[in-house]
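Residue numbers (the UniProt record's numbering), protein chains in the order written: chain A, 1 to 411; chain B, 1 to 301; chain C, 1 to 351.
No lab work stands behind these hints, which were simulated from the structure alone. Keep in mind the model is a prediction, meaning the values are calculated, not measured. Mixed in with the good hints there might be a few duds.
Pair ranges (Cβ atoms, derived) [claimed, not checked]: (1) Pro126(B) - Asp3(C): 40 to 46 Å; (2) Trp188(A) - Trp335(C): 48 to 54 Å; (3) Lys47(A) - Gly331(C): 55 to 61 Å; (4) Lys35(B) - Lys47(A): 48 to 54 Å; (5) Gln107(C) - Glu54(A): 28 to 34 Å; (6) Gly20(C) - Asp201(B): 39 to 45 Å.
Even glycine gets a Cβ: it sits at the ideal position worked out from N, Cα and C.
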Amino acid sequence: MKRSALALACIATIAVAATGCAAEDSSGTTNITFAHWGNNQEAATLKAMVAAFEDEHPDIDVELNWIQSDYEQKLQTSIAGGQAPTISQMSNTSLPGFAAAYQTVEVDPSDYYSENFAASMKYDGEYKAIPFVAKPKVMAVNGALFDAKGLERPAADAPMTTDEFAATAEKLTEGAAPDKIYGSARLWYNGWLNAMGGSFYSADGTSCLLDEPVAADTADFIIDAQAPDGYAPTQLDAEGQDMFDWLSIGRLAMQPDFGPWDIAKLAALDDADIELVPVPGGGAPMEINGLGISADASGAELEAALTFAEFVSTAPEAQDLLTSAESSLGVPVVEESIDSFLAAAPELNLNAFIVGTDQSTISAAVAKDPQIRAEFDDAIYSRTALGSGSEDPAVVLAEFNETCQSILDGE
Amino acid sequence: MPDEILETTIASKEPEARRSRRRRGGPTEASPASKAIAFVVLVGGSFLFAYPFLWMIATSLRTRQGVAEGGITIWPVQWEWSNYLDGLSSFPFWQYLGNTLLATLLPVLFTVLASSAVGFAFARIPAPGSGIIFAIVLATMLLPGEVTLVPQFILFRELDMMDSLYPIILPAAFGSPFFIFLFRQFYLRLPQSLADAAMIDGAGWFRTWWSIYLPLSQPIIVAAAVLQFMTSWNNFLAPAIYVNTERWKTFPLALAGFSNANSTDTSLLMATSIVVVLPCILVFFFAQKHIVGGISFTGTK
Amino acid sequence: MNDIVTSIEEALGAVGLPEGLRPIGAFLVILLCVYAVFLVPLWIAVRRRWVARSTAAFWCFISPWVFGFLFFTVGPMVYSLVLSFYSWDLISDPVFVGGDNYVRAAQDPKVYRAIQVTLTYAVVSVPLGVIISLAVALLLNLRVAGINVFRTVWYLPSLVTGVALVVLFLWVFNPNYGLINGVLAVLGIDGPAWFADPNWALPAVVIMSLWTVGGNMVIYLAGLQDVPTELYEAAHLDGASTMRRFWHITLPQMSPVIFFGAITGLIAAMQTFTQGYIVTQSGGGPNDSLLFFVLYLYNNAFKFFQMGYASALAWILLVMILLITVLVFRGSAFWVYYESTNAKARKRARK
């Protein structure tokens with residue numbers, strides 16, 4: 001008896017529910033959500049930018065959605081589940097995979113001091129995100145180690161050639177593992193390929209260029225560097241170790257891919273003698289983060305999202321917050337904020353980053369990039385001396401180039 | 001007090017039930033010589049198992065540079081106690097604690113009750129097809145969770161439960177195959193006459209379970225509760241997927257905040273990890289006796 | 001479905017339920033309705049004596065599991081089966097491709113590599129894990145001073161999870177600065193490169209899994225406590241040695257526990273994901289030596305934007321686990337000792 005009463009109550013509830021009246025509160029504020037990644041400091045920087053925005057636009061409420069790890073997976077799951085955040089942070093390299101989920105937006109390249117910024121947000125000829133922070137690389141060097149060897153410190157305004165770099169690094173190297181002092185940090189193939197003047201894809205992203213001689217030269221260069229008597233640690237030497245910490249305690253003389261996210265950490269060191277100079281050779285590829293606006297957004301939400309993106313991307317009061325002595329996310333993209341950026345650590349040559357934004361190249365936008373990179377890592381690290389193999393890099397790269405091309409062409 | 005009365009009643013009804021339970025178990029007795037050897041192995045093994053943990057403690061007390069210089073020594077050299085303060089103050093600790101407790105204790109409560117009821121049914125209520133269904137229960141342990149991530153996400157979106165703790169609590173609230181198994185085995189070992197007597201006294205199945213079997217299964221309750229506590233306390237994937245805002249974030253997410261793609265703040269991470277893992281250690285330390293005495297596999301008396 | 005939920009929520013809001021509780025309220029209302037659909041016919045069936053009262057009680061008691069199973073397991077599984085016949089990048093709309101994903105899996109060398117890695121890991125780590133867990137449990141079952149502390153200490157490595165575990169194990173296995181090679185160096189041995197060496201990466205993961213045997217210890221300890229003491233007493237009177245007692249009493253009596261440990265260990269091994277993910281930062285390790293099946297599945301789903309293919313892989317894995325488990329269960333009849341079956345056999349013999 002009790003059970004049938006329960007069933008009746010349940011049916012009654014449904015009936016009430018069906019006739020229930022909707023009571024939406026309409027206080028006039030528009031809510032948008034903003035998904036981003038990062039550690040505690042990076043999250044704090046974005047929080048400050050949002051606070052600055054809400055001060056100026058009290059009618060828009062921005063809810064931060066901080067994804068502590070596995071950012072892309074979480075974002076994909078939300079998009080697939082129809083819960084895409086209104087705005088999401090997106091790097092230029094991952095943009096192609098997400099482009100279908102974003103609105104096409106208008107971006108005025110003249111708002112920014114480098115042409116690279118707007119260009120990196122283009123996919124299939126359309127702007128799919130609005131750039132708001134650049135992450136160019138510089139080379140950080142431990143001056144004390146140069147002095148100890150009686151070597152001249154690298155010039156602050158002109159990059160070394162890659163050959164000069166190798167020669168200098170060799171001279172700085174001393175001792176044997178685990179107490180070895182390394183001339184250089186680990187060289188990453190993708191970055192160093194740029195420094196050597198090569199490129200993974202053609203500029204339009206339609207062909208793979210790893211069968212060019214420079215690709216094999218780069219591999220040989222790195223293999224020499226990480227040989228047992230070389231000047232750079234191997235993957236296993238460096239496993240789980242923080243290169244920034246190595247640099248600051250003098251275990252490492254040069255770190256050729258030093259990113260702007262470490263500026264605050266560097267500024268906080270009071271007893272280390274670290275200098276920032278340009279990346280050798282042709283520079284490193286630069287990451288640019290933009291704001292993608294969900295294709296689902298419309299009406300007031302879309303308006304608010306565009307207002308927010310424009311503020312974060314171009315308003316100096318927002319851009320000024322990107323890097324301070326306390327936290328550093330990256331380099332501002334508007335000219336007015338460069339001074340504020342340089343002032344974050346006046347004793348450091350932060351201008352090297354600004355120079356880096358033009359020196360750096362932007363890799364072509366390729367939708368299948370994650371898959372290609374996985375195949376690439378598999379081939380190069382399993383089969384050549386870059387990793388655990390011993391085959392000739394030129395052969396492996398030429399072979400891989402065909403795989404790469406077939407993935408690009410859609411199998 | 002009521003429990004005691006109940007137990008006495010049961011004991012007087014079924015003396016052999018209690019005796020048969022008492023005859024089992026108890027740590028093994030051994031000769032003094034082999035005990036001494038065992039003690040040495042225990043101490044040596046403890047060192048092996050504790051060393052990584054000691055390293056964590058040491059690392060939590062080092063400066064950033066100290067971490068890089070540390071090597072395999074576990075003496076911190078510097079005693080950077082401020083790491084603990086810095087680590088814990090880098091996120092709203094009390095709010096995360098509240099969320100973590102909610103996302104832990106509710107699943108513990110529900111899963112224990114549900115598993116006990118289901119286990120009781122498999123052990124004591126005769127029904128056609130019971131064996132096959134029990135096999136299906138066990139078979140659900142075979143499913144890899146990563147597979148159903150997206151479908152589950154869509155389900156919880158349909159239920160309007162995004163950005164809340166519900167998607168973390170609910171899937172654990174309907175009983176787990178493993179605990180159902182444990183309860184079933186335990187109840188099978190209690191004599192059938194216990195249920196028969198209760199039924200003759202006019203208690204329905206529900207009363208038989210609720211006021212006789214459930215209280216008797218205290219060891220399994222503790223075991224299941226502790227195991228579920230550990231799982232829920234450390235649950236990372238579900239909060240990472242379903243929780244968007246600070247309001248509902250839990251400790252495992254806070255730990256992830258100490259690293260990004262480029263580097264990890266190792267000393268702060270370790271300091272916070274130690275604080276977060278502490279309740280688990282305490283729970284295990286105090287509950288282990290109950291757990292160990294409670295789990296049974298043979299399923300007969 | 002979302003419309004129903006929203007309207008129930010509105011109704012609950014109208015009667016003053018706080019906003020945060022409305023989703024669970026709506027869920028409970030739906031659950032109650034499902035119960036009604038389930039209980040009303042059952043009640044009628046009992047009244048008309050189509051089914052026994054106890055059968056009805058049985059179904060009521062197991063209903064929490066049934067609904068949890070339908071909601072959170074069967075539903076999503078069926079959905080993923082459907083997805084396995086589509087090509088879906090998670091961003092655009094899914095496209096029906098028939099059996100293409102399965103054909104592709106059959107031709108994908110990485111699938112075979114993943115199966116090989118996963119099976120190798122299972123075959124090595126499961127027996128090792130069982131033996132060591134049993135040994136550890138025997139040791140921790142002794143009545144010595146401070147045994148509770150020892151048990152807790154041995155359990156410690158199983159308690160560390162997430163990012164901390166990553167950092168911890170990268171340190172433990174670091175070839176130059178890590179714990180293991182540090183200890184080996186003291187002994188004069190030049191340790192291998194572990195995760196960076198295709199031959200040592202998988203053994204390293206096996207060692208990693210052995211470090212956390214404490215997690216199983218509880219179950220084995222419980223099994224040991226379950227062995228009837230009178231058996232030992234009788235053996236003692238017969239003058240049986242410690243070894244004989246172990247072989248003839250402990251081991252047979254423990255066989256159900258060992259079997260349970262082996263089965264759950266096997267399933268866990270087949271589903272290994274975290275270790276590979278941690279160590280390789282989601283690649284597959286050198287020479288794909290750590291390309292566990294679930295890791296490859298995960299990469300396809302969330303890195304390569306191929307949810308349909310990943311779903312097909314999921315079903316292939318499920319069928320594989322199912323087959324292996326059935327095989328192991330078949331084989332278990334030869335060595336697992338159950339008191340109940342034995343008792344039956346004895347009864348039969350007496351007749």
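Verification of the supplied hints:
1. Pro126(B) - Asp3(C): 40 to 46 Å: holds (43 Å)
2. Trp188(A) - Trp335(C): 48 to 54 Å: holds (53 Å)
3. Lys47(A) - Gly331(C): 55 to 61 Å: holds (58 Å)
4. Lys35(B) - Lys47(A): 48 to 54 Å: 59 Å Cβ-Cβ, so the 48 to 54 Å window is violated.
5. Gln107(C) - Glu54(A): 28 to 34 Å: violated (54 Å)
6. Gly20(C) - Asp201(B): 39 to 45 Å: Holds, at about 44 Å.
Checked against the numbered hints given earlier, the structure breaks hints 4 and 5 and satisfies all the rest.
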